[in-house]
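*Asks:* Heads up: the protein sequence lines correspond to chains A and B, in order. Residue numbering for the first sequence follows my numbering, beginning at 1 and increasing consecutively. Residue numbering for the second sequence follows my numbering, beginning at 1 and increasing consecutively.
Because the hints were derived from the structure by calculation, they are not lab data. Keep in mind it's a predicted model, so treat the numbers as computed, not measured. Among the hints, erroneous ones may be present.
Claimed, not checked - Some chain B residues close to chain A (C-beta under 10 Å, calculated; not the full set):
no., residue
1, 120
2, 124
3, 126
Said to hold, decoys possible - Computed Cβ-Cβ distance ranges for the label pairs, DEER-style:
no., chain 1, residue 1, chain 2, residue 2, range
4, B, 134, A, 20, 20 to 26 Å
5, B, 43, A, 12, 43 to 49 Å
6, A, 16, B, 98, 27 to 33 Å
Unchecked claim - Okay, the calculated bits of chain B under chain A, using three or more residues with CB under 8 Å as the criterion:
no., segment
7, 88 to 100
8, 133 to 145
Every residue gets a Cβ at the ideal spot worked out from N, C-alpha and C, and that includes glycine.
Letter by letter, the chains look like this.
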Amino acid sequence: MTTEEIYARLVPLIAAYLPEDVLADEIRPEADLTAELNINSAHLVDVVLDVEDKFDIELSNSDMENLRTVQDAVDIVNSKITAVS
Amino acid sequence: MLSTATHIIESLPYKKPFLFVDRITEVDENGITAEYTFRNDEYFYEGHFVNNPVTPGVILTECMAQIGLAAFGSYLLGKIEKSANLSMALSHTDMDFLYPVLPGEKVHVIARKEYFRFNKLKCSVKMLNERDTVVCKGVMSGMIKYL
Chain A
1 MTTEEIYARL
11 VPLIAAYLPE
21 DVLADEIRPE
31 ADLTAELNIN
41 SAHLVDVVLD
51 VEDKFDIELS
61 NSDMENLRTV
71 QDAVDIVNSK
81 ITAVS
Chain B
1 MLSTATHIIE
11 SLPYKKPFLF
21 VDRITEVDEN
31 GITAEYTFRN
41 DEYFYEGHFV
51 NNPVTPGVIL
61 TECMAQIGLA
71 AFGSYLLGKI
81 EKSANLSMAL
91 SHTDMDFLYP
101 VLPGEKVHVI
111 ARKEYFRFNK
121 LKCSVKMLNE
131 RDTVVCKGVM
141 SGMIKYL
């Protein structure tokens with residue numbers, strides 16, 4: 001799977017947890033999930049659990065600590081699916 | 001078990017008149033059971049309702065959150081600390097209220113873990129009265145950590 005394909009699959013997962021005052025078109029690779037997209041800590045866990053289901057991977061606590069931007073999510077997913085394939 | 005249960009209650013960041021856990025009767029990795037008796041002189045009965053005291057649904061929800069999220073989360077975090085530095089933020093509830101809980105009633109709360117990942121605890125919860133009737137039930141989640 002290319003990183004572009006990973007990104008395309010991540011966008012709707014993230015969009016599902018955006019607060020009402022943030023539009024889905026504000027999702028960009030460099031967007032900070034909590035500071036810019038205003039996803040709260042509880043919903044960030046929901047995003048991660050959905051990502052785990054969607055890509056059939058498991059994230060560790062250190063992955064969670066490194067997760068700041070949408071691109072970080074792409075990189076984490078990419079490293080996990082590359083590792084198993 | 002008895003001392004663990006006592007330590008969990010001591011770790012909670014609540015006190016009277018907003019502590020709604022008397023005793024933890026069971027706790028393990030999968031769930032918790034605890035009880036609370038709503039005293040006749042709880043402060044909210046004075047206004048809910050006028051001349052007709054009934055325990056507010058938000059207080060029943062709070063009681064279930066203190067047991068099913070805060071107390072259970074304190075246990076799951078694995079290091080029970082006495083000082084009140086447990087941080088708990090309720091993030092979601094979906095409750096059905098089936099029967100009223102009146103002043104003086106003792107209730108049991110049973111919570112089962114759905115997941116505890118990255119400090120987010122999600123539980124299915126139910127509250128039973130002394131006749132073992134389910135008075136409210138639902139699911140709730142919150143973020144739990146030590147500050």
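*Asks:* Could you run down the list of hints and mark each one as holding or not?
*Replies:* How the hints compare with the structure:
Because the beta carbon of residue 120/B sits about 4 Å from the nearest beta carbon in chain A, less than 10 Å, this interface hint is met. Nearest Cβ of chain A to the Cβ of residue 124/B: about 16 Å, over the 10 Å cut. The hint is violated. With 10 Å as the threshold, the beta carbon of residue 126/B stays out of range of chain A, its nearest partner Cβ sitting at about 22 Å, so the hint is violated. For the hinted restraint 20 to 26 Å between residue 134/B and residue 20/A, the CB-CB distance of approximately 34 Å leaves it violated.
Between residue 43/B and residue 12/A the beta carbon distance is about 46 Å. The supplied range of 43 to 49 Å therefore holds. A hinted range of 27 to 33 Å holds for the C-beta pair residue 16/A and residue 98/B, which are about 31 Å apart. Here's how the segment 88 to 100 of chain B fares: 3 of its residues keep a CB closer than 8 Å to some CB of chain A, so the rule of at least three is met and the hint holds. Here's how the segment 133 to 145 of chain B fares: 3 of its residues keep a CB closer than 8 Å to some CB of chain A, so the rule of at least three is met and the hint holds.
In the structure shown, a violation is registered for the earlier hints numbered 2, 3 and 4, in ascending order.
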